[in-house]
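> As given, the protein sequences belong to chains A and B, one line each in that order.
Be aware that the first sequence starts at 1, since it is given in my numbering, and climbs by one per residue.
Be aware that the second sequence starts at 1, since it is given in my numbering, and climbs by one per residue.
Incorrect hints may appear among the rest.
Straight-line distance between alpha carbons at most 27 Å, and here's what the computed DSS-like set of lysine-lysine pairs gives [what the hints assert, rightly or not]: (1) K197(B) - K153(A); (2) K91(A) - K166(A); (3) K107(B) - K10(A).
Sample of chain A residues lacking proximity to chain B, with all beta carbon distances greater than 10 Å (derived) [claimed, not checked]: (4) L74; (5) G80; (6) L102; (7) P110; (8) E174; (9) R226; (10) Q256.
No wet-lab data here; the hints were simulated from the structure.
As the structure is a computational prediction, the values presented were derived from the model and not from experiment.
Glycine included, each C-beta is placed from N, C-alpha and C at the ideal position.
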Amino acid sequence: MDQKLSPVSKFFLIVIFVILYAPIFFLVFYSFNSGGTMYDFEGFTLEWYQELFSDTRLLIIVLNTLVVALLSALIATIIGVIGAIGIHSVKKRSRKNAILSLNNVLIVSPDVIMGASFLILFTIAGYQLGFYSVLLSHIAFSVPIVVLMVLPKLYEMSPTLVDAAKDLGANSWEVVTKVILPFISPGIMAGFFMALTYSLDDFAVTFFVTGNGFSTLSVEIYSLARRGVSLNINALSTLLFLFTIVLVVVYYFINQRLKTNGTGGRK
Amino acid sequence: MNQKVTRQLYMLPYTLWMIFFVIAPIVLVVYYSFLDINGDFSLANYEKFFTPTYLKMALSSFWYAFLITLFSLLIAYPTALLLTRTKHKQLWLLLIIVPSWINLLLKAYAFIGIFGTYGITNRFLEAIGIGTQQILFTDFSFIFVAVYIFIPFMILPIFNSLNQLNPALIDAANDLGASKWTTFRRVIFPLTMEGVKSGCQVVFIPALSLFMLTRLIAGNRVITLGTAIEQHFLVTQDWGMGSTIAVFLILIMFLFMALTGKRKRGV
Chain A
1 MDQKLSPVSK
11 FFLIVIFVIL
21 YAPIFFLVFY
31 SFNSGGTMYD
41 FEGFTLEWYQ
51 ELFSDTRLLI
61 IVLNTLVVAL
71 LSALIATIIG
81 VIGAIGIHSV
91 KKRSRKNAIL
101 SLNNVLIVSP
111 DVIMGASFLI
121 LFTIAGYQLG
131 FYSVLLSHIA
141 FSVPIVVLMV
151 LPKLYEMSPT
161 LVDAAKDLGA
171 NSWEVVTKVI
181 LPFISPGIMA
191 GFFMALTYSL
201 DDFAVTFFVT
211 GNGFSTLSVE
221 IYSLARRGVS
231 LNINALSTLL
241 FLFTIVLVVV
251 YYFINQRLKT
261 NGTGGRK
Chain B
1 MNQKVTRQLY
11 MLPYTLWMIF
21 FVIAPIVLVV
31 YYSFLDINGD
41 FSLANYEKFF
51 TPTYLKMALS
61 SFWYAFLITL
71 FSLLIAYPTA
81 LLLTRTKHKQ
91 LWLLLIIVPS
101 WINLLLKAYA
111 FIGIFGTYGI
121 TNRFLEAIGI
131 GTQQILFTDF
141 SFIFVAVYIF
151 IPFMILPIFN
161 SLNQLNPALI
171 DAANDLGASK
181 WTTFRRVIFP
191 LTMEGVKSGC
201 QVVFIPALSL
211 FMLTRLIAGN
221 RVITLGTAIE
231 QHFLVTQDWG
241 MGSTIAVFLI
251 LIMFLFMALT
261 GKRKRGV
C-alpha cells in the first residue's frame with residue numbers, strides 16, 4: 001500500500017479485508033475438522049470431501065447447476081447480442097430510451113418479485129415447474145445484463161467501419177459477422193461471464209420456480225442450512241471458492257488478451 | 001420496407017423475451033393483486049394491506065433496509081476513499097469484489113457457524129469476560145450479515161465516482177486553505193454524490209426484499225416485504241395478497257429510483 005496512507009487508514013483497510021474474507025476462510029478451515037462441528041477443531045480429516053464425492057444426489061445437483069448456468073448464459077448471450085444490435089440500430093431517441101428502460105426492469109427489480117411473477121407466468125401457461133422453468137428464468141434475467149455489457153462496445157464502434165464494409169461489397173450478414181461481432185467480442189465475453197455468475201449465484205428466483213423434482217446448488221444449500229450445520233457444506237464451499245477463483249482468473253486473462261488484441265490491430 | 005421486415009425478424013427472440021419476461025410478468029402481478037383467495041375480483045387485498053398488521057410490517061421492513069443502507073454507506077465510503085489512494089488500486093478493488101462472487105448462501109451459512117451459541121464470537125466474548133450471548137437470530141446478526149453482503153456493492157459505484165474525480169480540484173481546495181474536513185465536505189462528497197446514490201440504490205431495494213437471510217440468520221424474527229411475499233406465494237398460497245405486496249414493492253422501487261437516479265442520460 002501507498003506511503004500516503006496513515007497507519008490508522010491502513011489499519012481500517014486491513015480490518016475491512018479481514019472481515020470480508022474471514023467467513024470464507026472460516027468455512028474452509030472447518031471443512032477439515034474431524035469433530036463434525038463448526039466450533040471445536042479436533043483434528044485434520046478429508047472425511048467430508050470423501051462424503052461429498054460419494055453423495056451422488058449432490059453431485060447431480062452440482063451438474064444441474066452447471067448445465068443451467070452454461071446453457072442459460074449461452075442462450076442469453078445470443079438473445080442479448082441480437083437485442084443490443086437492434087437497440088443500437090434504433091434511430092429515434094425516445095423509442096430507444098423506452099426500449100432501454102424496459103430492458104432494465106429486470107435488472108432493478110428485486111429477485112423476489114421476479115421469482116413470484118415468473119411463478120405466476122409458468123402456472124398460467126400450464127408449464128411444468130422443473131429444469132426448463134429454471135432454465136427459462138435464468139435466461140430471462142441474464143438477457144438484460146448481456147445487453148448492457150454489449151451496448152457500450154457498439155457505441156464505441158465507429159459507423160465508418162460499417163460503411164467501409166458496405167462500400168467494399170459486404171452484404172448485411174457479412175457486416176454483422178465479419179465487422180460488428182469481432183469488434184464487440186470483449187463485450188460479448190463480459191456479458192457471457194456476468195450471465196454465468198448471475199446464474200450460479202441465483203437463489204431467490206430459482207427457489208420460486210424450481211418445483212419439487214429439480215434443485216440447484218443454492219436451493220440445496222438453503223435447505224441443508226435450515227436443518228443446521230453439516231460439514232459437507234463446508235467441503236462444498238471450499239471447492240466452490242476455488243472454482244470462483246479460477247473463474248475470476250480466467251475472466252481476467254481473457255479480458256487482458258482481448259484488450260491487447262483490440263488495440264494491436266488484428267491480422 | 002423489405003429490410004425492415006428482416007430486421008424485425010432478427011429482433012424476434014429479443015422482442016419475445018421482452019413480451020414474455022418483462023411485460024407479461026408485471027401485468028400478471030398487477031392482475032393477481034386484484035384477486036382474492038377464491039380467485040374472485042376484489043379490492044380486498046388492498047384493504048388488507050392498509051390494516052395495521054401489514055403497515056407495521058412494511059414500516060419495519062423500511063427501517064431495517066434504511067439501517068442496512070446507512071451502515072453499508074458508513075463503512076463503504078471511507079473504504080472506497082482509502083482504496084483510491086493505494087498504489088495498486090484496481091487490484092485492491094478486485095480483492096474487495098471477489099467475496100461478492102462467492103455464493104450468498106455459503107456466506108450466510110458461515111455466519112451460522114460464527115454467531116452460533118458455541119461459535120467463535122461467543123468463545124471470544126467468554127474469553128474477555130462478557131460471557132455467552134444469544135447472537136444468532138437477533139436484529140444485530142441480521143443487520144451485520146446483510147451489511148457484510150452488501151458492502152462490495154456499495155463500494156464499487158463510490159469507488160468509480162471517486163476515481164473519476166479530478167485531483168486538481170482537491171489541490172485547489174488545499175491551496176485555497178481548506179482543511180481536510182472542509183475539502184471532504186465541500187468538494188469530495190458533493191462531487192461523488194452520484195456514486196453514493198447508485199450505491200444506495202443497489203443496497204436499499206434488495207434489502208427491502210431479502211428473504212433468505214431473515215430465515216437463516218434472523219430466525220423468522222425479522223419480516224421484510226420479501227419474506228412476506230415468499231410466505232404468501234410458497235407457504236399460504238395466497239397469491240393475491242403476495243402480488244399486492246409485490247405491487248407495493250414495485251411502486252416503492254420506482255419511487256426510490258426517481259428520488260435517487262434520473263441524471264443518467266443516454267447510455
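> Can you list which hints this structure breaks, lowest number first?
5, 6, 7, 9
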